[in-house]
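Let's have the full structure, built from the sequences with the hints guiding it.
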Amino acid sequence: MDFNLTEEQQAFRDEVRRFLDENLPPEEERDEMFQLKWGKLVREKRWVGFSWPKEVGGGGGDIMEQAILKEEMANRRAPPLGTCIMGLAWVGPAIIQYGTQDQKGRFIEDILDAKYQWCTGYSEPDIGSDLASLQCKGVREGDHFVVNGQKTWTSLAQWAKWMILLVRTKANTEKKHDGITCLLVEMDSPGITVAPIQNMSKQPFFAEVFFDDVKVPVANLLGKEGQGWQITIGALANERSGISEVTGLLRELDLLKELARNSQLGGRPALEDARVRRRIAEYETRVAAMRFNGLRYLTKQIRGEPLGSETSVNKLHTAHIEKYTAEFALELQGSYGAIAPGRNHPIDHGRWQKEALGWCTAVIGGGTPNIQKNIIAERILGLPHD
Amino acid sequence: MNFGFTEEQEMLRAEVRKFLDSKAPLEEVRKIMESEEGYSPKLWDEMAQLGWLGLLVPEEFGGVGLTWVDLTVLLEETGRSLYPSPLLACTLAVIALCENGTAEQQQRWLPGLADGSRILSVALQEADDRLSPDGTQTTGRREGEKLILRGEKHFVPFATAAHHFVVSFRNSEQPDDVSLAVIDRNADGVEVADTRSIDTTKRFGVLTLSDVAVPEDCVLGESTPASWPAIARLFDHAAAAVTAEAVGAAEGGHALIVEYAKQRMQFGSLIGRYQGVKHPLAEMYVDIESIKSLLYYAAWCLDESPEEAPLYVSMAKAYASDAFTRIGIDGIELHGALGYTWEYDAQLYLKRSKWVKSAYGGSDHHYDRVADLGGF
Ligand SMILES: Cc1cc2nc3c(=O)[nH]c(=O)nc-3n(C[C@H](O)[C@H](O)[C@H](O)COP(=O)(O)OP(=O)(O)OC[C@H]3O[C@@H](n4cnc5c(N)ncnc54)[C@H](O)[C@@H]3O)c2cc1C
Numbered sequence: 001m002d003f004n005l006t007e008e009q010q011a012f013r014d015e016v017r018r019f020l021d022e023n024l025p026p027e028e029e030r031d032e033m034f035q036l037k038w039g040k041l042v043r044e045k046r047w048v049g050f051s052w053p054k055e056v057g058g059g060g061g062d063i064m065e066q067a068i069l070k071e072e073m074a075n076r077r078a079p080p081l082g083t084c085i086m087g088l089a090w091v092g093p094a095i096i097q098y099g100t101q102d103q104k105g106r107f108i109e110d111i112l113d114a115k116y117q118w119c120t121g122y123s124e125p126d127i128g129s130d131l132a133s134l135q136c137k138g139v140r141e142g143d144h145f146v147v148n149g150q151k152t153w154t155s156l157a158q159w160a161k162w163m164i165l166l167v168r169t170k171a172n173t174e175k176k177h178d179g180i181t182c183l184l185v186e187m188d189s190p191g192i193t194v195a196p197i198q199n200m201s202k203q204p205f206f207a208e209v210f211f212d213d214v215k216v217p218v219a220n221l222l223g224k225e226g227q228g229w230q231i232t233i234g235a236l237a238n239e240r241s242g243i244s245e246v247t248g249l250l251r252e253l254d255l256l257k258e259l260a261r262n263s264q265l266g267g268r269p270a271l272e273d274a275r276v277r278r279r280i281a282e283y284e285t286r287v288a289a290m291r292f293n294g295l296r297y298l299t300k301q302i303r304g305e306p307l308g309s310e311t312s313v314n315k316l317h318t319a320h321i322e323k324y325t326a327e328f329a330l331e332l333q334g335s336y337g338a339i340a341p342g343r344n345h346p347i348d349h350g351r352w353q354k355e356a357l358g359w360c361t362a363v364i365g366g367g368t369p370n371i372q373k374n375i376i377a378e379r380i381l382g383l384p385h386d
Numbered sequence: 001m002n003f004g005f006t007e008e009q010e011m012l013r014a015e016v017r018k019f020l021d022s023k024a025p026l027e028e029v030r031k032i033m034e035s036e037e038g039y040s041p042k043l044w045d046e047m048a049q050l051g052w053l054g055l056l057v058p059e060e061f062g063g064v065g066l067t068w069v070d071l072t073v074l075l076e077e078t079g080r081s082l083y084p085s086p087l088l089a090c091t092l093a094v095i096a097l098c099e100n101g102t103a104e105q106q107q108r109w110l111p112g113l114a115d116g117s118r119i120l121s122v123a124l125q126e127a128d129d130r131l132s133p134d135g136t137q138t139t140g141r142r143e144g145e146k147l148i149l150r151g152e153k154h155f156v157p158f159a160t161a162a163h164h165f166v167v168s169f170r171n172s173e174q175p176d177d178v179s180l181a182v183i184d185r186n187a188d189g190v191e192v193a194d195t196r197s198i199d200t201t202k203r204f205g206v207l208t209l210s211d212v213a214v215p216e217d218c219v220l221g222e223s224t225p226a227s228w229p230a231i232a233r234l235f236d237h238a239a240a241a242v243t244a245e246a247v248g249a250a251e252g253g254h255a256l257i258v259e260y261a262k263q264r265m266q267f268g269s270l271i272g273r274y275q276g277v278k279h280p281l282a283e284m285y286v287d288i289e290s291i292k293s294l295l296y297y298a299a300w301c302l303d304e305s306p307e308e309a310p311l312y313v314s315m316a317k318a319y320a321s322d323a324f325t326r327i328g329i330d331g332i333e334l335h336g337a338l339g340y341t342w343e344y345d346a347q348l349y350l351k352r353s354k355w356v357k358s359a360y361g362g363s364d365h366h367y368d369r370v371a372d373l374g375g376f
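Taken in order, these protein sequences are the chains called A and B. Here the first sequence stands for residues 1 to 386, where the numbers follow my numbering. Here the second sequence stands for residues 1 to 376, where the numbers follow my numbering.
Heads up, a few of these hints could be off.
Derived list of chain A stretches under chain B, where covered just means 3 residues or more per stretch with a C-beta under 8 angstroms from a C-beta of chain B [as the list claims (entries may be wrong)]:
no.	segment
1	164-176
2	361-374
3	378-386
Below 30 angstroms or equal to it, Euclidean Cα-Cα: the simulated DSSO-like pairs (lysine-lysine) are [said to hold, decoys possible]:
no.	chain 1	residue 1	chain 2	residue 2
4	A	Lys300	B	Lys18
5	A	Lys137	A	Lys215
6	A	Lys176	B	Lys262
7	B	Lys31	B	Lys354
8	A	Lys300	B	Lys262
9	B	Lys18	B	Lys262
10	B	Lys262	A	Lys175
11	B	Lys351	B	Lys42
12	B	Lys357	A	Lys323
These are calculated hints, taken from the structure and not from any lab test. We put the beta carbon where it would ideally sit given N, CA and C, even for glycine.
This is the structure we're talking about:
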């Protein structure tokens, strides 16, 4: 065991720190002009797509340096490295691994430059956790696939220019996973209709997407016909050691402590109350466990061992923390906890209320806790499928 | 950055596991735990010959001079096997001597610890069970060249097996003015009684000191005696050692239930197919992984980054105390009535979890410390 950085890694960390000292103003001074400038700067440093190969425009960095970069950025609350959210998270990695030269040329630079957003068409009205049973149909006709069916809960659908879409191109295959194909679809293709859905805070962040005889050129087939499942699993597993989330969660806990310091309980600051202190200490311990889990998994990756289902461990911790810390914050606020979030909320503009109504993305999107437990039980412990 | 074990450490793990699997399977453990001594002097000797009792003892005193991380590997495996032995007691004595003893004192006691001929235990806790400086009320009064100890020590690991005890005592009313001395089990005024532990693989007892005269050269450090920080560090090592054994034991108990869930049929199906069974098993896996991560980092801190050690030791012990408690309980429930029997092994893990829960601080104690050390 050795938690020291090599000389090169230290030099890299120092370079990142220097860059942040020189280019990152305090949070309240970060206006739109700054955001634009920041985007260009980090792109020039090749820190967007840091670990992607140089040939496609990425940074060609190794995973250890990537971890350093992300931790330093998160420590300073820097804006994200690149703003094409799903493009960077899974579309890009999938295209790099399975795409044709032509596809790499058409899409990767655009993702790095955040020319537009991508969205993800996996879930359907009847298909959620059991994604491999999806029904949206794709039929090959000459140099096109013709797509018919519906997707739902599609985040960013109304703003995205492209979608990574899973369709069934073969019915009744022996394993349902084998009939699935991955297509890259332009959102303004004729036959696509987007109907926004409001979430519980009335924000229309996701949508239903209807496909009515939508033609998708074969040039936009990702990988081979029937390879869609494999591509999806690979892409979702990308980026999951969970280390970069930890810094964000630690900051949440700092804010929670701040709140407890300023809240009264029995005539004293709540942070002096033993139960409050233990609760927060428990959250801190859980986040520390996540950090060290992440470092152990990172070590495995560095040693060349593939990451398997271990990443579900940290996903479950994240779900726990996301669900319960905001709840605890509301408890600390007493009756003020029940006031709706917004400018007029007397405590932090209601940031905790917003979170208490907003944890679903982290907890439900990308596989619910029950599904993560199934993954651990079946793939790691070898228990029978249910 | 490398957060994994070395090849040598993995080899040590494999050797220890092989040794314990062949020489101390659970049938044998049951015999040992019901014996008078509570450990097997024969296996103790064999472990000494393999160098495992002297892992932390410097080479010049007959040991192999390895690190706390190496020891953690050994303890995880003795924990997995629920192996009954005074290893924890002796380990803490080694730390007390290495950190506080003079060279002469180290020469006097360490070789016997490394070759297994001497068993030393540590007597740090008292009847009020406080792990703070005021938890030491045993007094050390000077009478000429002698120190006179008076008091009662509780929860002394493997007290009945020990030849000597490292005892904490109070020099004055000053809160931190506490020191350590090594006393002989056969000295006048020393009385040892076994306290029956729920977990009979873990013995502990009461040490009564009725005006025991201790030569000055048995006070650790002699002219520069240890004070509270040294004892606090011993408690940290103790909590880390308990957690290491807890991880192994939790994993052993978990493996037993997972295997059972793959064999037991009810309602025409293996019970491991039901989520009421498989999900708790997955949660246990999450907990075990997380204790490991916290523990390994804490172990590394004890070797390399002592300032950070108290915080991470407390995080690991707090998490382990709660998680292993759940694993112990669910482990019984998921076996049905079989789990309630003497003959089936699930009960052994449950009982171990009861010992782990409180040994050197339960979760409340350690979460309080996390809060204090985290500055809130
Ligand atoms: C904020 C947000 C953004 C999203 N964005 C997208 C997106 O961009 N693109 C996209 O394709 N999808 C998106 N989703 C959808 C998300 O992937 C699904 O909601 C998720 O996979 C669960 O599917 P479901 O909602 O149909 O629930 P279901 O699968 O119907 O599950 C309902 C409940 O049953 C439980 N359950 C289901 N199966 C099992 C089982 N085998 N064992 C035990 N319990 C089970 C679940 O845990 C859950 O509690 C988003 C969801 C959210 C909340």
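Verification of the supplied hints:
no., hint, verdict
1, 164-176, "violated (count 0)"
2, 361-374, "holds (count 4)"
3, 378-386, "holds (count 8)"
4, A:Lys300 <-> B:Lys18, "holds (25 angstroms)"
5, A:Lys137 <-> A:Lys215, "holds (12 angstroms)"
6, A:Lys176 <-> B:Lys262, "holds (26 angstroms)"
7, B:Lys31 <-> B:Lys354, "holds (20 angstroms)"
8, A:Lys300 <-> B:Lys262, "holds (29 angstroms)"
9, B:Lys18 <-> B:Lys262, "holds (25 angstroms)"
10, B:Lys262 <-> A:Lys175, "holds (24 angstroms)"
11, B:Lys351 <-> B:Lys42, "holds (25 angstroms)"
12, B:Lys357 <-> A:Lys323, "holds (27 angstroms)"
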